[in-house]
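Engineer: Residues per chain are reported as follows:
Protein chains: 2
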Amino acid sequence: MPLILPPARSLLWRSLRAYQVYGANTDVGKTVVTTILCKAAHRRWRNEDTVFLKPVSTGPADDADDRHIQKFGPEIATKTLFQYDLAVSPHIAAPASNKPVPSDETLLAEISIFAARQASRGPGWLFVETAGGVHSPSPSGSTQADLYMPLRLPVLLVGDSKLGGISQTISAFESLKIRGYDVEMVLLFQEADYQNHLYLGDYFGQRHGIPVRTVPEPPKRPDDQGSDVLAMSRYYNNSSQSAELHDMLGYLDDRHTDRISRLESMSSKASKKIWYPFTQQKHLTPDKIAVIDSARGDYFQTLVTTTPAVQDPAASTTTTSPNNKALLRPSFDGSASWWTQGLGHGNPNLVLAAAYAAGRYGHVMFAEAVHEPALALAETLLARMGNPRLTRTFFSDNGSTGTEVAVKMALRAARLRYGWDASEPLGVLGLQGSYHGDTIGAMDCSPPCVFNEKVEWYEGKGFWFDYPVVEYSGGTWMVRDPVTGRGRYSYPSLSAIFDLESRASSEEAQMYEHQIRTTLVRLAEQGRKFGALIIEPVVLGAGGMLLVDPLFQNTLVKVVRQNPQLFSKATARTNTPAEDDRAWTGLPVVFDEVFTGLYRLGRFSAASFLGVDADISVHAKLLTGGLVPLSVTLASESIFQAFESDDKSDALLHGHSYTAHPVGCQVALESLKEMQGIEARGDWDWAREAHKQSEGTPKDAAAWSVWSPELIDWVGRLPSSCVAGVWALGTVLAIRMASADGTQGYKGGAARGVQATLLEGHSHEGDSDWANVPQWNVHTRVLGNTLYIMAGLKSTQGSIKGVESQLHTALLKAKNESHA
Amino acid sequence: MPLILPPARSLLWRSLRAYQVYGANTDVGKTVVTTILCKAAHRRWRNEDTVFLKPVSTGPADDADDRHIQKFGPEIATKTLFQYDLAVSPHIAAPASNKPVPSDETLLAEISIFAARQASRGPGWLFVETAGGVHSPSPSGSTQADLYMPLRLPVLLVGDSKLGGISQTISAFESLKIRGYDVEMVLLFQEADYQNHLYLGDYFGQRHGIPVRTVPEPPKRPDDQGSDVLAMSRYYNNSSQSAELHDMLGYLDDRHTDRISRLESMSSKASKKIWYPFTQQKHLTPDKIAVIDSARGDYFQTLVTTTPAVQDPAASTTTTSPNNKALLRPSFDGSASWWTQGLGHGNPNLVLAAAYAAGRYGHVMFAEAVHEPALALAETLLARMGNPRLTRTFFSDNGSTGTEVAVKMALRAARLRYGWDASEPLGVLGLQGSYHGDTIGAMDCSPPCVFNEKVEWYEGKGFWFDYPVVEYSGGTWMVRDPVTGRGRYSYPSLSAIFDLESRASSEEAQMYEHQIRTTLVRLAEQGRKFGALIIEPVVLGAGGMLLVDPLFQNTLVKVVRQNPQLFSKATARTNTPAEDDRAWTGLPVVFDEVFTGLYRLGRFSAASFLGVDADISVHAKLLTGGLVPLSVTLASESIFQAFESDDKSDALLHGHSYTAHPVGCQVALESLKEMQGIEARGDWDWAREAHKQSEGTPKDAAAWSVWSPELIDWVGRLPSSCVAGVWALGTVLAIRMASADGTQGYKGGAARGVQATLLEGHSHEGDSDWANVPQWNVHTRVLGNTLYIMAGLKSTQGSIKGVESQLHTALLKAKNESHA
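Order-wise, the sequence lines are chains A and B.
Read in order, the letters of the first sequence correspond to residues 22 to 841 in the numbering used here.
Read in order, the letters of the second sequence correspond to residues 22 to 841 in the numbering used here.
Mixed in with the good hints there might be a few duds.
Taking lysine-lysine and the DSS-like style, the derived pairs with C-alpha atoms no more than 30 Å apart in a straight line are [claimed, not checked]:
#1 B:Lys475 with A:Lys475
#2 B:Lys309 with B:Lys475
#3 A:Lys290 with B:Lys669
#4 A:Lys475 with B:Lys482
#5 B:Lys579 with A:Lys482
#6 B:Lys768 with B:Lys293
#7 A:Lys579 with B:Lys294
#8 B:Lys822 with B:Lys346
#9 B:Lys836 with B:Lys822
#10 B:Lys120 with B:Lys100
#11 B:Lys303 with A:Lys550
#12 B:Lys550 with A:Lys482
#13 A:Lys669 with B:Lys309
#14 B:Lys346 with B:Lys100
#15 A:Lys294 with B:Lys303
#16 A:Lys579 with A:Lys590
#17 A:Lys482 with A:Lys579
#18 A:Lys822 with A:Lys309
#19 B:Lys579 with A:Lys294
#20 B:Lys669 with A:Lys293
Examples of chain B residues toward chain A, derived with CB under 8 Å [claimed, not checked]:
#21 Ile187
#22 Arg413
#23 Phe415
#24 Gly552
#25 His677
#26 Tyr679
#27 Asp762
Worth flagging that the hints you see were computed from the coordinates, not collected in a lab.
From the three backbone atoms N, C-alpha and C, an ideal C-beta is built for every residue, glycine too.
Turn these sequences into a full structure, and let the hints steer you where they fit.
Structural biologist: What follows is the structure, encoded as structure tokens:
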């Protein structure tokens with residue numbers, strides 16, 4: 022096996038009908054049922070292979086399940102991947118053996134390779150039998166239900182026909198269901214005393230539309246010896262040729278075909294029924310729509326766009342038949358699903374948190390009410406932000422609504438303090454290229470740009486500063502001039518740029534301060550009025566993945582705070598109690614951390630890079646670890662108090678129906694717990710260490726990334742005809758490609774080539790075992806000429822190395838083309 | 022037992038530490054473990070009662086679990102509520118007995134009464150032992166885990182120490198967890214061969230922070246006879262006095278106290294950390310904040326505001342001690358949690374749908390991608406709307422964002438068709454008092470009102486018509502004049518008002534048409550330009566629960582559609598292909614069905630009441646059955662095509678990060694399935710029939726409600742000094758109270774009195790069994806002078822009768838006060 026395994030893949034071929042057999046308990050007859058299924062399949066599809074695969078088996082090899090099948094179904098091919106002689110659970114047997122304990126990744130890879138080889142042989146059946154119950158531990162200690170999730174094999178659940186078996190079967194089903202498994206059928210012995218099949222038939226049929234089928238009870242518990250063998254043989258012969266069995270297999274055969282048809286028709290249906298966000302659909306042909314079957318960890322499992330299926334069955338037995346090609350492949354979720362993902366798709370802890378809150382509350386109204394997850398989340402966020410100004414949590418649904426709330430808060434506070442009339446037009450101060458969301462109020466906080474210029478009700482309200490950006494290019498970290506785009510100052514490392522303490526008295530600091538103050542004086546002279554400063558700290562996301570010089574943002578906040586006279590000449594009226602150092606001055610400062618906060622850049626709060634605290638802070642996206650929409654707008658008490666009065670209509674009359682929905686709050690709590698655990702355990706030490714070594718500094722790099730210094734350096738030194746600049750911080754890597762035609766901004770197309778190469782993907786290198794296993798790819802979104810890739814917070818070094826390798830290939834290709 | 026039982030309640034008293042014992046399987050030693058716990062509790066708290074309660078027991082009474090406890094723990098009080106001699110599962114044993122099968126409600130009520138009596142005796146312990154595994158069926162056939170949810174007793178899970186027991190224990194835990202149970206401890210036998218306790222100790226400790234404790238294995242399976250009795254006695258004596266056991270009980274005692282402290286501190290913490298939506302917090306003292314511990318079906322379980330706990334333990338043994346009073350009580354969720362609830366809080370089917378999608382996908386990016394739940398939801402909605410115009414589904418997060426999307430769609434389509442310049446100011450046509458959401462773009466669709474008048478960036482863009490409203494008052498259904506508020510036309514029934522076919526040629530229809538046309542001509546003469554007609558069909562929600570004359574809305578849409586010349590004198594340019602009868606004419610018509618759609622008014626689409634189809638339709642709230650935020654904006658192809666071009670920037674550049682999040686889509690699909698099942702099965706036939714009888718018409722009432730005709734008639738005939746008018750449609754009941762001081766609209770306070778009485782609640786009438794059980798109440802929100810109550814789609818007749826009874830009492834009180 023190669024050291025770094027390719028990502029785990031879901032197993033789906035047109036040719037191979039593969040099912041996973043789970044048991045509701047140990048000793049419910051999994052192997053007996055599977056033997057019947059194998060024999061019946063072989064009987065009906067004689068020209069095809071029927072294969073029994075046992076990934077992990079414990080107990081003496083003579084007694085193992087594959088031997089049982091070999092004895093009673095010699096016509097069935099069997100394979101056991103890992104066999105341990107000790108008759109205990111694999112998590113005890115494996116370490117007790119003298120063999121290395123296979124990791125989960127290894128186990129999944131071995132199954133994939135085996136199944137791929139089998140699929141390449143043409144049509145057939147594969148039954149993968151698990152060990153014990155659904156949550157019985159695997160060699161590594163993971164439970165099977167967690168371990169096998171990525172394969173997404175449809176499940177045959179062997180129910181428990183014994184006393185108590187109703188409960189066991191339903192609970193086992195639920196454990197599978199909440200992990201995204203599709204249970205296609207429940208099978209159990211037709212037992213006369215408890216008749217569990219009757220209750221379960223109604224239960225699964227009515228509640229879940231899942232058929233429950235029975236097989237006769239075996240003659241007795243077979244000990245595989247003497248006369249029992251004869252009785253068992255007869256039993257298998259009878260049951261495997263029954264009409265019921267053939268009917269069951271026909272159903273499973275249909276389900277297999279249906280699943281594929283459904284997958285293959287999805288993109289054309291979607292192109293007719295869906296109105297896509299941020300998409301010009303005139304040019305969106307169905308083949309460009311990614312069909313996502315499932316997602317796990319960092320990867321989608323996407324449908325491979327294939328040539329149409331060969332309809333002639335005879336033609337499908339050769340290895341070159343499209344029927345034998347894998348239909349699904351892993352795609353690295355390079356946009357972190359629009360910047361939301363952090364703790365991995367299908368994270369079982371988040372799933373359970375969501376389900377718990379859903380079961381405990383559903384949703385409950387939040388006006389003048391409180392529930393535990395909302396309060397606990399508010400307390401956790403306020404405490405962890407480390408910003409002594411913030412005391413209040415307002416909940417809404419997404420970054421855009423969170424921003425609208427922030428702006429409503431800030432404008433009111435400013436208007437009251439400065440005594441402005443309600444009719445006086447108020448704007449915001451911000452940065453060019455900023456973007457805060459798609460609702461009109463959030464749009465109005467941004468300058469005119471491609472996102473809003475054709476929106477009928479958009480009306481930008483404010484003034485937006487130019488600012489210097491940071492990039493690595495030609496072997497240097499540069500602060501580029503906002504006007505000329507040329508490098509103006511250069512630094513030995515990104516950490517040096519983030520060392521604001523050292524830079525505080527620099528020439529740049531003085532220049533920034535002078536420019537900002539001069540601009541504000543001019544605006545005041547023009548009579549313009551502002552009610553907030555709103556910025557995305559450190560990185561402007563939708564504006565094009567721009568890394569802003571943190572010294573500029575730091576200076577901007579300071580100048581605004583220290584110069585209230587620039588915003589109102591009137592003696593400031595105040596509605597706050599004694600002005601303490603937590604009250605806002607100048608203007609309320611709003612940080613939109615929707616994209617940059619919650620460890621996206623490696624830190625809980627992106628504000629911590631700037632050395633200044635916000636009065637209002639907006640969070641969303643990663644807040645729920647990437648599961649469901651939720652946003653919070655945190656505010657200081659001096660902002661909050663602006664809305665207190667004896668008149669209800671002075672309150673902040675904003676609130677969505679699902680405000681503080683318990684599912685979102687509980688998931689957010691669990692996410693924050695898991696994120697903080699990652700930081701506390703030092704899971705990123707390898708990345709920090711790599712950047713520290715690279716910078717050659719004795720202290721930790723202030724600005725580190727999971728993307729390797731070697732990659733950044735290599736990319737930054739590519740010819741300027743190919744790459745214009747690069748930066749990486751925390752989980753984000755941004756590469757600005759050079760534009761051949763000079764088009765800049767959102768309409769630039771220079772990154773499209775690299776994006777296309779990444780989407781094509783390539784096979785895992787250097788191991789012939791993987792010859793039959795399809796390539797994997799990297800799914801990205803681009804912003805004009807900039808290609809960005811985001812890792813999750815739990816992405817492994819191996820996963821990132823794999824992406825870097827694909828990126829390396831794609832950039833080499835782009836480099837060669839830029840020379841051509 | 023009374024015929025209609027009071028709502029199921031969560032059981033929590035300061036005095037009584039009540040725990041529910043669940044088993045990971047049958048035969049895992051539940052009774053043995055419980056016996057040890059009971060004996061140890063009795064040993065440590067000698068002056069208190071320790072009680073063992075078995076709600077349902079099967080098998081010969083001599084063999085029952087309570088006999089086991091009586092034998093080995095004669096110091097323990099035991100009680101079995103329902104005993105069946107047949108040694109099979111209760112769902113078989115109960116019907117086979119000669120006794121009536123208790124309903125789930127009866128079983129819960131019996132447990133509540135028993136526990137309440139016990140709590141009134143002062144401090145003590147109560148262990149409620151379930152039968153079999155967590156999902157073993159109850160007498161009615163419900164599984165125990167579903168049945169006992171509302172009690173929300175903290176759980177002791179007895180784990181399975183046998184082979185396969187790891188899987189059984191984890192699955193059982195998950196089945197409880199996803200139903201909102203709090204498992205406080207896992208207990209199992211210390212077994213040497215499999216050592217499940219070691220694995221489970223790590224698993225539950227690390228993943229869930231739940232302690233796993235062991236007790237020694239019993240001497241052998243006791244048959245309660247001869248020498249075994251001696252061995253068992255010794256075993257119980259030894260184990261129940263061990264330090265470990267005392268430590269465990271100490272832990273459980275602490276958890277009980279902690280839970281209560283947490284609940285009791287929540288409102289004061291919330292008042293400091295939370296910034297509430299739509300709430301003037303200056304006057305929000307902590308006692309006014311509803312502390313919601315959980316919710317199930319139609320009911321919250323809320324903390325009863327009590328006098329402070331008596332600290333002297335001696336004083337707490339009397340029945341009048343506040344320590345013996347119930348801390349939680351059911352509160353009917355009368356606002357349907359801000360109009361979102363339909364299928365009941367904590368609905369297990371929705372929970373499982375949410376968890377499945379979370380496990381299968383988490384969230385996956387939706388731009389140029391598709392996944393099964395999103396596509397299936399789009400297809401289902403478009404098909405079920407029954408509106409042939411609608412072909413496209415755009416996803417967003419809530420009604421407000423859905424409205425912003427609708428307005429962006431409509432304005433663009435109108436501007437392109439009519440060739441207006443981008444700079445030309447465009448408004449919308451709408452209705453006075455309309456409200457479409459809290460983001461600025463949605464706010465701008467509404468006329469100035471209390472919700473937006475103090476919002477700095479609000480700028481109403483449009484013209485809003487006055488309109489006639491419908492109310493029942495003084496024994497007549499009246500259409501009130503919009504200006505004078507006086508009844509102008511009267512009808513024998515609400516259905517007659519909704520009989521638009523009969524009314525089409527009426528005097529009113531002609532008058533409406535004339536008024537509307539005249540107004541539009543005047544607006545055109547003023548040079549005003551409009552890009553959409555946007556209305557809430559049938560009922561204006563936030564505007565004050567106003568039932569609009571459907572004939573007026575019908576006429577408005579028709580006049581707008583038939584008179585394009587009123588909107589543009591230019592020859593209409595068109596970017597749509599051949600204008601068919603599905604293309605928009607005049608103006609794009611937007612229906613905001615966020616509140617009124619999806620069966621809130623008894624029908625899938627509220628538009629069906631109006632006899633006209635929208636070009637754009639917005640849905641949210643009930644879309645997910647009341648679980649998580651999700652919105653769709655459905656649009657016609659002629660709207661969609663306005664955004665197709667060769668320029669990406671012509672596309673609808675709107676999209677939130679969690680667009681079409683799989684959890685929301687899957688839950689919505691499941692909700693629609695359940696809603697349509699309710700309609701298809703005729704679950705509302707009792708309500709339809711009642712209204713049909715009341716109207717005395719041979720055909721079904723077009724306008725029916727779950728609220729009884731008797732109640733509506735009674736309310737509508739209350740003196741006009743008390744009630745100004747009432748209406749009910751589908752699940753909604755709205756009562757406009759007469760204002761003593763003449764204040765109308767949002768600031769009116771006339772409904773506050775009735776709201777307060779409902780919140781006080783009262784005890785269940787007419788049954789002394791309930792003497793010790795606390796009252797329940799009805800939690801409502803009011804809109805100015807209007808009190809409204811919404812049922813869920815699954816509210817039972819009994820539940821509604823109960824609320825009507827509370828309402829009757831409250832209105833009688835208001836009536837008396839209005840005379841005083």
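Engineer: Now tell me if each hint is right for this structure.
Structural biologist: Going through the hints against the structure:
no.	hint	in the structure
1	B:Lys475 with A:Lys475	holds, 28 Å
2	B:Lys309 with B:Lys475	holds, 25 Å
3	A:Lys290 with B:Lys669	holds, 22 Å
4	A:Lys475 with B:Lys482	holds, 17 Å
5	B:Lys579 with A:Lys482	violated, 38 Å
6	B:Lys768 with B:Lys293	holds, 26 Å
7	A:Lys579 with B:Lys294	holds, 27 Å
8	B:Lys822 with B:Lys346	holds, 26 Å
9	B:Lys836 with B:Lys822	holds, 20 Å
10	B:Lys120 with B:Lys100	holds, 18 Å
11	B:Lys303 with A:Lys550	holds, 29 Å
12	B:Lys550 with A:Lys482	holds, 23 Å
13	A:Lys669 with B:Lys309	holds, 15 Å
14	B:Lys346 with B:Lys100	holds, 22 Å
15	A:Lys294 with B:Lys303	violated, 48 Å
16	A:Lys579 with A:Lys590	holds, 19 Å
17	A:Lys482 with A:Lys579	holds, 22 Å
18	A:Lys822 with A:Lys309	holds, 27 Å
19	B:Lys579 with A:Lys294	holds, 27 Å
20	B:Lys669 with A:Lys293	holds, 19 Å
21	Ile187	holds, 6 Å
22	Arg413	holds, 4 Å
23	Phe415	holds, 4 Å
24	Gly552	holds, 7 Å
25	His677	holds, 5 Å
26	Tyr679	holds, 4 Å
27	Asp762	violated, 16 Å
Hint violations for this structure: numbers 5, 15 and 27, all remaining hints satisfied.
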